[in-house]
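Protein chains in written order, with my numbering: chain F, 1 to 280; chain Z, 281 to 563.
Derived by calculation from the structure, the hints in this document are not laboratory data. The beta-carbon is built from N, C-alpha and C at its ideal position, and this holds for glycine as well. Errors might be hidden in some of the hints.
Unchecked claim - Simulated pairs of lysine to aspartate or glutamate, DMTMM-like, Cα-Cα distance not exceeding 25 Å:
1) Z/Lys526 with F/Asp128
2) Z/Lys436 with F/Glu172
3) F/Lys54 with Z/Glu357
4) Z/Lys526 with F/Glu173
5) F/Lys50 with Z/Asp374
6) F/Lys50 with Z/Glu510
7) F/Lys2 with Z/Glu551
8) F/Lys54 with Z/Asp292
9) F/Lys191 with F/Asp89
10) Z/Lys445 with F/Glu173
11) F/Lys50 with Z/Asp292
12) F/Lys191 with F/Glu229
13) Z/Lys445 with F/Glu207
14) F/Lys2 with Z/Glu357
15) F/Lys191 with F/Asp210
16) Z/Lys526 with F/Glu172
17) Z/Lys515 with Z/Glu551
18) Z/Lys445 with F/Glu239
19) F/Lys253 with F/Glu178
20) Z/Lys526 with F/Asp67
21) F/Lys2 with Z/Glu510
22) F/Lys50 with F/Glu257
23) F/Lys162 with F/Glu188
24) F/Lys2 with Z/Glu523
25) Z/Lys526 with F/Glu239
26) F/Lys2 with F/Glu100
27) F/Lys253 with F/Asp233
28) F/Lys50 with F/Asp210
29) F/Lys50 with F/Glu172
30) F/Lys50 with Z/Glu551
31) Z/Lys526 with Z/Glu510
32) F/Lys162 with Z/Glu357
33) F/Lys54 with F/Asp67
34) F/Lys162 with Z/Glu523
Stated by the list, open to error - Only some residues are given here: those of chain Z computed to face chain F with a beta carbon under 7 Å:
35) Gln283
36) Leu299
37) Ile325
38) Phe328
39) Arg533
Given next are the chains, with one letter for each unit.
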Amino acid sequence: MKPIFFNQNNERQLYGVHHPPRRSKGSTAQAVVICPPLGQEYIRSHWACKLVAKQLARGGAHVLRFDWSGHGNSSGYVGEVASLQNWIDDLAAAIDWVREESKADSVMLLGLRFGATLAALAAEQRQDVYSLVGWEPVVDGAEHLQSLRTMHARMVDLWASKTSTRNDDQFEEILGFELSRSLLNEIEQTKLELGDVYLPQLIVDLESRDQAYSHIEPSLQRTIRTDDEAAWDQLQTLETAWLRPQTTRVIVKNVAEMFQRLERFNQTGTEQTQQMAETL
Amino acid sequence: MMQESVCQFGPDNGLTGILTQPNESDRVADAPVALILNAGIVHNIGPFRLHVDIARQLAEAGFSSLRIDLSGLGDSETRTGKSVDDRAVLDATDAIDFLAEHLSCGSVVVVGLCSGAFNAHQAALADPRVVGASFFDGIVFRTTGFYLRHYLRYAKPRFWRNAIKRRVIGEPLASEAAGETLGESEFFEVEKTQAEVSQEIGGLVDRGLKMLFVYTEGYDDVASAGQFEEMFGIKPSDQVQVEYFKEAEHTFRLSHNRAAACSCLADWYSEQFTGAALARDPA
C-alpha cells in the first residue's frame, strides 16, 4: 500500500493509494482504478474500497484507489467543483498514472455508487478502458439527489435547535458539504445508460432495488444481485462504516474471471499476429 | 500557496500522514506542528473532512500540521506485536520522531476529536515534546451540574417536538442526528477515575501545556462550558481555554458548525503559538 499524490502538474493535486500486485499472473498486466462514491458516502465506504483494492492486488492486479477533487486528501473543496467533467478529468489522470506504473495497455474501472456513474462517463471518453464494474451504481442523478436532499432536510429538521444550511442560487449544502448549483444541475440531468457502453461490464446491485439492466450485446453485461441491506438513504447510518465482505468476495472472483478472459483474448491475438507474421 | 505532501513513517514506514505546510512567507517561525489523530475509525481526513479543514485553516494562519492514520486505520499498515492500548501512543511518538528528524520540529500540539482526544491526552502525558493540545469532545465525567442542565432540555418544546417526529417517521432514537445524543462510553474506554484524569490534566498544566477543550451540544455527557471546572477542578485561564459549541453536533456535520470549530482552533493556535506568545511563556 503506497500513498501518493499525482496530477501535480495541473491545478488539482490528487491523492491516491497504489496497491501493487502481490504476485504476477499471466503475461498481461492487470490494472484497476477504484472510483469511490461522493460526499459522505465516500467516507463511509473508504474501508470497503481499501478491502476490495487489497484483494484485487492479492489476485495480481495493480490497483489505484484515489480521491476525487474536493474529497479526501485531494486538493480543493467540493464546492469548487463546477462540473462533472472536473471529476472525469481526475479519473483520466488516475488512469494515466496506473497505466504508467503498471505498463498495462488498458484498465478496468471499478466504481461504487456515483463513482460508477463517473466511471461510465469517463469510459466513453477513453480508448484504454477495458471493462467496467458498477457496484450499486447511481443510475438516475435526479433520484439520487432527491434521496440525499430528503435525508438532509430530515437531519436539519430534527436538529436540537432550529437551524438551516446554505441553499441559494450558488450553493446548496447537502449532508455536510456545500455543492455548487452548476454541479447539482449536471448531476440532476445524469442518466446512466450502461447498455450504451460497449465494454465488458459487471453490475452488482441489490435484489431489493427495482433497477433493470440490459445491453444490446447481452454477452458483454453480467448482473449480480445481492441480498445486502439497502443502506444509503437511512439517516441513522449516515456515519456508519459501509462494509460488504461477502459481496466483495463475489466481485473479486468475477473480476479475476474478467482478467482471465482478457488474458485469453490477448494470447489469441498474439498467436494470430505470430501466424500472420510467419505466413508473411 | 500551502503544500500538502504524503509522509510515511514508523515501523517499515507503514504509517501514513498528510503534511500540510503554509506558504513560506506566511510561516510562523519556531511554531509547533499540529499532530491530528483519527476520530474513531474515520481515516485521516476526519468526519465530514474536518481534519482537512483544520489543516488548511492552520496553514493559512502560518502553521504546519500532520494528520495521520493510526496503525491499522485508513491508509496505515497494522502495527504488529504491540497491544491495542499502546498503539496510539506508539504511533503518535513515531510521528513526532518523524517531524523532529525531517522538519527539525522540536515540539507538537496534539489535536483529536472523541477517541482522538483521548489518544491525544495519552500522547501528551507520554511525550514531553507535546507542548499543547486541543481536545474536541474528549474525556468527560458527569457532574451534579450536568444533570441539572441536562434535564432542563425536557422543558424545551423542541425536544418533545423532535421526539414525536422521530417516532412518527420511524427514525430510531439512539443514533439520531440530533436530540438524542451519544456519549463518551459509546465511543471509547477511559478506564480512569475522575480524580486520576484531573491529576493528569493538572500535571499537563504544570508542564506548561497550552490546552483548548472544545465540547459540543451533541456530546451527551457535557451540558455547558462550566462543567469543565466541575469535572477537573481547573479554572479556565489563558493557558486552559474551554469552549462549548451549542447547536453543534459531535462530528460537526453542518458546514457552519465545522467552520466555527476550525476558526476557534486556528485563533487559539495563533494566540498561543506565535513568536511573542512562545517567548512570553516558553513551554
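How the hints compare with the structure:
no.: 1; hint: Z/Lys526 with F/Asp128; in the structure: 52 Å, violated
no.: 2; hint: Z/Lys436 with F/Glu172; in the structure: 30 Å, violated
no.: 3; hint: F/Lys54 with Z/Glu357; in the structure: 12 Å, holds
no.: 4; hint: Z/Lys526 with F/Glu173; in the structure: 20 Å, holds
no.: 5; hint: F/Lys50 with Z/Asp374; in the structure: 24 Å, holds
no.: 6; hint: F/Lys50 with Z/Glu510; in the structure: 44 Å, violated
no.: 7; hint: F/Lys2 with Z/Glu551; in the structure: 37 Å, violated
no.: 8; hint: F/Lys54 with Z/Asp292; in the structure: 18 Å, holds
no.: 9; hint: F/Lys191 with F/Asp89; in the structure: 19 Å, holds
no.: 10; hint: Z/Lys445 with F/Glu173; in the structure: 23 Å, holds
no.: 11; hint: F/Lys50 with Z/Asp292; in the structure: 20 Å, holds
no.: 12; hint: F/Lys191 with F/Glu229; in the structure: 24 Å, holds
no.: 13; hint: Z/Lys445 with F/Glu207; in the structure: 30 Å, violated
no.: 14; hint: F/Lys2 with Z/Glu357; in the structure: 10 Å, holds
no.: 15; hint: F/Lys191 with F/Asp210; in the structure: 16 Å, holds
no.: 16; hint: Z/Lys526 with F/Glu172; in the structure: 23 Å, holds
no.: 17; hint: Z/Lys515 with Z/Glu551; in the structure: 19 Å, holds
no.: 18; hint: Z/Lys445 with F/Glu239; in the structure: 21 Å, holds
no.: 19; hint: F/Lys253 with F/Glu178; in the structure: 38 Å, violated
no.: 20; hint: Z/Lys526 with F/Asp67; in the structure: 32 Å, violated
no.: 21; hint: F/Lys2 with Z/Glu510; in the structure: 47 Å, violated
no.: 22; hint: F/Lys50 with F/Glu257; in the structure: 21 Å, holds
no.: 23; hint: F/Lys162 with F/Glu188; in the structure: 28 Å, violated
no.: 24; hint: F/Lys2 with Z/Glu523; in the structure: 39 Å, violated
no.: 25; hint: Z/Lys526 with F/Glu239; in the structure: 21 Å, holds
no.: 26; hint: F/Lys2 with F/Glu100; in the structure: 15 Å, holds
no.: 27; hint: F/Lys253 with F/Asp233; in the structure: 28 Å, violated
no.: 28; hint: F/Lys50 with F/Asp210; in the structure: 28 Å, violated
no.: 29; hint: F/Lys50 with F/Glu172; in the structure: 30 Å, violated
no.: 30; hint: F/Lys50 with Z/Glu551; in the structure: 39 Å, violated
no.: 31; hint: Z/Lys526 with Z/Glu510; in the structure: 19 Å, holds
no.: 32; hint: F/Lys162 with Z/Glu357; in the structure: 43 Å, violated
no.: 33; hint: F/Lys54 with F/Asp67; in the structure: 17 Å, holds
no.: 34; hint: F/Lys162 with Z/Glu523; in the structure: 21 Å, holds
no.: 35; hint: Gln283; in the structure: 9 Å, violated
no.: 36; hint: Leu299; in the structure: 11 Å, violated
no.: 37; hint: Ile325; in the structure: 5 Å, holds
no.: 38; hint: Phe328; in the structure: 4 Å, holds
no.: 39; hint: Arg533; in the structure: 5 Å, holds
Checked against the numbered hints given earlier, the structure breaks hints 1, 2, 6, 7, 13, 19, 20, 21, 23, 24, 27, 28, 29, 30, 32, 35, 36 and satisfies all the rest.
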